[in-house]
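Undergrad: Please take these sequences and the hints and turn them into a complete structure.
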Amino acid sequence: MSEPLLEVARITCRFAGLVAVDDLSFVVAPGSVHALIGPNGAGKTTLFNLISGLQRPNQGSIRFRDRDITALRPYARVALGLGRTFQNLRLFGEMTVLENVLAGRHVRLGVSWPATVLRLGAARSEEWAAIERARELLRFVKLEDQQEQLASSLAYGDQRRLEIARALATDPKLLLLDEPAAGMNPTETAALAALLQSLRGGGLTILLIEHDMNFVMGLCDRLTVLNFGRKIAEGTPSEIRVHPAVIEAYLGGSYRAQAQAEGAA
Amino acid sequence: MPPWLDDFLYAYGSFIYGLGVNAILGLSMYAVLALGQLSLGQAAFMGIGAYTSAVLTVRFGVPFPLVLCAAMTTPMVAAALIGVPTLRLTGVYLAMATIGFGEVMRILYINTDYIGGALGFSGIPQKAQGWIIYGLLAVILLGFISATRSKLGRAFEAIREDEDAARAIGIHVAAYKFTTLLISAALAGLAGALNAHFSSFIGPNEYGFDTAVTILSFAILGGVTTPLGPVLGAFVLSALPELLRPLHDFRLVFNGLIIVLVVIFLPRGILGFRVRRVG
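Protein sequence lines correspond, in order, to chains A and B.
Take the first sequence: its position 153, counted from the start at 1, is 153 in this note's numbering, and no numbers get skipped.
Take the second sequence: its position 95, counted from the start at 1, is 95 in this note's numbering, and no numbers get skipped.
Rather than coming from a laboratory, the hints here were simulated on the basis of the structure.
Beta carbons: idealized from backbone N, C-alpha and C, even for Gly.
If a hint is listed, it holds; no wrong ones were tucked in.
Per label pair, the in silico range of CB-to-CB distance:
no., chain 1, residue 1, chain 2, residue 2, range
1, B, Gly-256, A, Trp-128, 43 to 49 Å
2, A, Asn-40, B, Met-96, 34 to 40 Å
3, A, Ser-153, B, Asp-210, 38 to 44 Å
TA: Now the structure itself:
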């Protein structure tokens, strides 16, 4: 196996006595789609916050692209190629769709602020290139016709895709998606799956949290299963589907019956 | 200069200069509010600029352009000292720290004989001419408009709406907050220096909590979705007392009433339109 893109090593995060993430280690291979599953409160979103730097771990380390990023600030991690979305949409509602994606481009815009305010040639051409790139991404997520609308006015599924486009605008090497299919109808979910497949086809590595099992099982190469902040299982979708601890903790009785029936058949 | 204009400026000169200075103060408020930060230290920063400029002009005879530069630098140093410990905290901590800071400065002025103590500092030459004040106002306003319509404006708005989301897309939130606080302090200091150099007198009580709230109300009245808002707010709120002179002591009641009505009916201010943050 090639060098992991992301390596989480023995990480622990506590909140006032509650252990949200407990001595957790796992790796994400480059080019893979890796899913984190587990019951509510298993520590999945906390883990995302630790990886993206919004939260600091009490112990352990995180390596990304062969660098220790445990002490890096969030913006520096984004600059290294870590993009993310949020479980509860966190768009900038009073900005347009295009401006949201352009805001995501911020980290790749290097012209100094005096040059920007004075609108020197370099700043203007950088802005034009950013607009081109943003429009390209909006075409990719099929929002090009809504680019001048306020982000808050979009339909729910469109807002989810906009948040992905905004994260993609940062040019990530690893994209963290926190429940991207939550609240989507089946048509929207299918469109999202196709979108993520084409991102994977383009070489992007994806780490996602998701509750929709059909969605996850059809998409990912590997799963890590969390419960009470600990890793209880890891493997390919077919391994996880029949893993006893996983079935007990998460998938539940009806799924076990189904798995047994499939095993018997 | 035609004679009628000369007469007009003689009668209303300091009023018109005051409008321009207050507009700069409104923009200094905009610099922090555009990122959702509440600083009530603008009056204190203004005071530092005013006293710095008065001392340099009167005691040391420093040329006016250098005086203005120094009057912008000293409040920036003060803002840096306040900003480092408070900017990491969210919520009202910056507001509380800056209120406290204003009080500290006021007591300091009152007890420092070198700068006139409680009697204030008088005899400052009138070097701030109309073209200087309005020229600087125009440059600052254009700078803010340009910034708002660029990646900087998008970063400001992103931080104002959702700090964590701004961090997660790679905006260095702390650096933006710190830089804009310094710029805001520099502009307040500049306004203080200009004010000192046309009113020729400054006193320790001019830069207290009342003034801080007045500066905030410029921005609330005009709105902070565009830099034009605080400028218009400053013009309206500074002109009203003159226009409402017949109401005598009830003038300030009218000021307060307008702000209450704006907050209730126009929460984004009278110029609360959206600006395009692309370009």
